[in-house]
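Chains F, L and H, in that order, are what the protein sequence lines are.
Number 35 in our numbering belongs to position 35 of the first sequence; there are no gaps in the numbering.
Number 142 in our numbering belongs to position 5 of the second sequence; there are no gaps in the numbering.
Number 311 in our numbering belongs to position 37 of the third sequence; there are no gaps in the numbering.
Because the hints were derived from the structure by calculation, they are not lab data.
Take these hints with a grain of salt, some might be off.
Said to hold, decoys possible - Label-pair ranges, simulated between beta-carbon atoms:
1) H:Thr-338 to F:Gln-67: 18 to 28 Å
2) L:Thr-194 to F:Leu-7: 47 to 57 Å
3) F:Gln-67 to L:Arg-166: 27 to 37 Å
4) H:Ala-282 to F:Asp-106: 15 to 25 Å
5) F:Pro-75 to L:Thr-261: 39 to 49 Å
6) H:Arg-334 to L:Arg-166: 17 to 27 Å
7) F:Asp-106 to L:Arg-215: 38 to 48 Å
8) L:Ala-213 to H:Glu-292: 20 to 30 Å
9) L:Ala-213 to F:Arg-68: 17 to 27 Å
10) L:Arg-149 to H:Ala-305: 38 to 48 Å
11) L:Thr-261 to H:Ala-328: 43 to 53 Å
12) H:Glu-292 to F:Leu-81: 38 to 48 Å
All residues carry an ideal CB built from backbone N, CA and C; glycine is no exception.
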Amino acid sequence: MTEQHHLAFGTRGRGSTEITADIAALVARSALKAGIVHVFVRHTSCSLAITENADPTVRRDLETLMQRWAPDGDPAYRHDLEGDDDMAAHARSLLTGTALSVPFADGRMLLGTWQGIYVFEHRTHGHRREIVVTLLG
Amino acid sequence: MTEQHHLAFGTRGRGSTEITADIAALVARSALKAGIVHVFVRHTSCSLAITENADPTVRRDLETLMQRWAPDGDPAYRHDLEGDDDMAAHARSLLTGTALSVPFADGRMLLGTWQGIYVFEHRTHGHRREIVVTLLG
Amino acid sequence: MTEQHHLAFGTRGRGSTEITADIAALVARSALKAGIVHVFVRHTSCSLAITENADPTVRRDLETLMQRWAPDGDPAYRHDLEGDDDMAAHARSLLTGTALSVPFADGRMLLGTWQGIYVFEHRTHGHRREIVVTLLG
């Protein structure tokens, strides 16, 4: 059996927004006893990731590393139509992923204590981001 | 319910090949109303990724960055049995992934406008690459 | 239909442990004819990955590259509560992923010949790591 939901979030520019509670709410009201919840972002310049949810400096440090992995405005880029953050955003999306999935049972995701689900906006400016949530069980 | 298909592609050496239409065709003729389509490559030196499908310079720039993330012939590598591109290919496969999954409904994948599905060949020479496509719903 | 199992592994510090046989055993005794097996680690400082299973130098070289991608004790890190390996571990987990999924049919995973499933421990010291395995079909 499958349940599918469409969500949208407004980001406020580069950085991460926790959406664990939004996904948990869909799992809590599911008719499915156990399965996986699949989360998919319909864009190539933001991404979804599970990371540490206690100390916000973790996510700040991840941004520091992303700037090394895929710098803004690198002179080697050929794709720069939308500015210095354009190609950097696509590359960060590739490294961190457009989908994630978490097992659930009895109305709760089986996340570890320190795991949170985040949307990472990789563009400098905020965007409206569409997410599809599919529960399979 | 599950549907499973086996595909094979011949790559022409390092670079990306779009397979969105191949996956879309399997979804279009599925008996499942909604769910996810899971795509899996049975190799450790190529990968599957969703990225921007409009401007081919995006994928060229991704190759530029991959050469930094996992250079060919790095002197630190111990694994070089099959040449300079061997270990680089395994590392790029690790970073970008051997599986991806996309939600679908009513015969269509719920991809965003600018999202395409690509096989990235990380070896210098072309290979025959086997893919397993599983529809769950 | 869904089947769900809980596993735990003791790691011995940074490095990789193959768990292909553990997952294969759950697939072998499944009542499901075909589908995907989803593997999820409930932590943010270790990860799951599919990589080459023949030559152990591949995994040694991956560790060499991970030390470049996310060095221990980098002076730019703000998050270092648990030591030099703390933030490096979270970043490596982000790059390599907390979940993976493999198609199966007739009691066998459809892995390629050279693909193995590994837990990568990114902390210097060993930890008890919990894994949730969900079979969907």
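Now the hints, each set against the structure:
no.	hint	in the structure
1	H:Thr-338 to F:Gln-67: 18 to 28 Å	holds (22 Å)
2	L:Thr-194 to F:Leu-7: 47 to 57 Å	violated (31 Å)
3	F:Gln-67 to L:Arg-166: 27 to 37 Å	violated (44 Å)
4	H:Ala-282 to F:Asp-106: 15 to 25 Å	holds (20 Å)
5	F:Pro-75 to L:Thr-261: 39 to 49 Å	violated (26 Å)
6	H:Arg-334 to L:Arg-166: 17 to 27 Å	violated (45 Å)
7	F:Asp-106 to L:Arg-215: 38 to 48 Å	holds (47 Å)
8	L:Ala-213 to H:Glu-292: 20 to 30 Å	holds (23 Å)
9	L:Ala-213 to F:Arg-68: 17 to 27 Å	holds (18 Å)
10	L:Arg-149 to H:Ala-305: 38 to 48 Å	holds (42 Å)
11	L:Thr-261 to H:Ala-328: 43 to 53 Å	violated (20 Å)
12	H:Glu-292 to F:Leu-81: 38 to 48 Å	holds (44 Å)
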